[in-house]
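S.K.: Using the sequences and the hints, build the whole thing.
Residue numbers (UniProt numbering), protein chains in the order written: chain Y, 1 to 347; chain C, 1 to 347.
Misleading hints may appear alongside valid ones.
A pair holds if it fits inside one copy or across any two, identical chains being indistinguishable in the list.
Stated by the list, open to error - List of simulated lysine to any residue pairs, SDA-like, C-alpha gap at most 20 Å:
| # | residue 1 | residue 2 |
| --- | --- | --- |
| 1 | LYS40 | LEU153 |
| 2 | LYS139 | GLU282 |
| 3 | LYS189 | ARG326 |
| 4 | LYS328 | ASP263 |
| 5 | LYS328 | GLU233 |
What the hints contain is simulated information worked out from the structure, not anything from laboratory work.
These numbers were taken from a predicted model, which means no experiment stands behind them.
There are 2 protein chains.
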Amino acid sequence: MLAADRVGRWLDGSGPEIGVVVSTRVRLARNLDDVPFGIKARPADQARVVGAVRWVLQEAGYLDSGGFVDDEQLTEERGGFLLERHLVSPDFVKSGLKRGLYVSRDETLSLMVNEEDHIRLQALDSGLNMPAAYEAAAKLDERLEDDLGYAYLPEYGYLTACPTNLGTGMRASVLVHLPGLVLTREIEKVLRGAVSVGLVVRGLYGEGSETRGNFFQVSNQRTLGLSETEILETVTNTTRQIVEHEHKAREYLVEHLRVEVEDKVFRSLALLRSARILSSGEAINLLANVRLGVALGVINELKTEVVNRLLVLVRPENLQAMLGERLKPEERDERRAALVRDTLVQP
Amino acid sequence: MLAADRVGRWLDGSGPEIGVVVSTRVRLARNLDDVPFGIKARPADQARVVGAVRWVLQEAGYLDSGGFVDDEQLTEERGGFLLERHLVSPDFVKSGLKRGLYVSRDETLSLMVNEEDHIRLQALDSGLNMPAAYEAAAKLDERLEDDLGYAYLPEYGYLTACPTNLGTGMRASVLVHLPGLVLTREIEKVLRGAVSVGLVVRGLYGEGSETRGNFFQVSNQRTLGLSETEILETVTNTTRQIVEHEHKAREYLVEHLRVEVEDKVFRSLALLRSARILSSGEAINLLANVRLGVALGVINELKTEVVNRLLVLVRPENLQAMLGERLKPEERDERRAALVRDTLVQP
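M.R.: What follows is the structure, given as structure tokens:
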């Protein structure tokens, strides 16, 4: 379905504000009008939705540039692999429902059938690019609505299994890298500001996950009582403010703590290039420091794309998928170190 | 007196067992027969000894290949510099007595006047080489005895200020590097064995000092009731046993924990080559790991001599002497990092 040695186009290091904003994501939650959803959906209902969505994707040509898998192919390992690539949610991986999953070949568009709702559709883009992500999501969304019909009430909007998604059913989010604000200890203040305008801040893998490598996900809290445009604008504008704060923090670092930053960045790159044993967590933290070094121009010999790619490939299931074998944790740490060394080899 | 950018010949990485034994040292404690010593020595007595010893060194030609300095030149900074080079003792640096110091240009022979005794004479050699060190010390010792006359009682031997040095007045010691025994947790057992045959184990800078970088000093405890030959043999034989244990530990590491050892060694070298801020303590620990890597053949591109040299030059007073300026601690850490990077530059 996906090439294990390539990562999504949304990680290619292009697009606006790429030094701070890794990626943009728009996610839509939808349910079919004539099929029970949430806890009322029986297995037969679930299977109907999988079939219906697959049919639309086929008809609309989406399967020409992507693949669709169902429960049988969604093994635990495969689920972990997709989770590490931000293409499915933890709930989807653990779900006991009949599931289906579409992922476009470039990984910018994906659709979970029977996660919490019938349909969870997401579009990803590189850098800060809400309009592009929204457009891609909306295009598939309209086709599905035309062909299948959504549960919708004029006074609320789209109906969802959980009321927190009611209305637009939309979550617009950005994955931001904020080492400057963390190092200058301003991160709390800036994130509180985002929360005060109705946004939510989470770690790298969503709710409750660690903020490893100083990566944060920022998204809208409310889905009801606001238009799609309002949500996209709020998230975009607040992200721009966060980006500005991060740039100021980085300027401060470069002006007042240049040697300390260089020390951290060069040590991190040196460890990545020399370690013989490397855990996933250490790799992510070191790569995050290198990413900062590239953004600051301290490191000129590497591209953000290479670092982004490794940030995905060092994770356990992606590493094993790429190497084509199941490994014990200690073997993984050695093979991970070798992969990173080979990729970051001195020019 | 000494070139700040060169270190002693006894650190040139030559000689027997150099992978484990950094250096050999023989130290003799002596007092003049006709001058009060210890707490009875008045300033006039102290000055007499300084003058007398200097005269002998001059007459015997030692000043042609070395220098003699007295109190005025022995500033606190200079004392620290010499201490870091293992050429004087902490007590000598702090002493309130009228002092004199001879150091040969290659730093293999040195003599403190009015440390605890009138004369503290030491000979250093590279690797495990008791006969060479003893011979060099004994040669100067005989000349001093002939010209000045020592306090000596046939039933005891040489008289010293502190009874722990009575008899031969000799301390024979080796500086050993035992990372293998530390990593395999056998160090306690092996060092207990050395203590049980009458030896003493100390840290890098003598009594009470830290065992930084897994360096240990092993020397004889008793000086009375044993001949010089017996002492030299005991220390040499026990050192050979320690060396054997260390080699076995290293074999074990290479066979069973090769990747872990390589990881430690390559990470250490990479950090030394990339850090922009480096404390003296971190530098010593990382250099010690690299020294192990060179001894094991894991690192082939560096010589032990280069590592030995840096182990001295990274220390605060030596660093400042070499750079020719007094620096604040944070400036030292940056300049130290630069010196280490430049010295260990990738081939």
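S.K.: Decide, hint by hint, whether the structure agrees.
M.R.: Going through the hints against the structure:
no., hint, in the structure
1, LYS40 x LEU153, "within (19 Å within a copy, 105 Å between copies)"
2, LYS139 x GLU282, "neither (40 Å within a copy, 58 Å between copies)"
3, LYS189 x ARG326, "neither (43 Å within a copy, 41 Å between copies)"
4, LYS328 x ASP263, "between (33 Å within a copy, 18 Å between copies)"
5, LYS328 x GLU233, "neither (46 Å within a copy, 51 Å between copies)"
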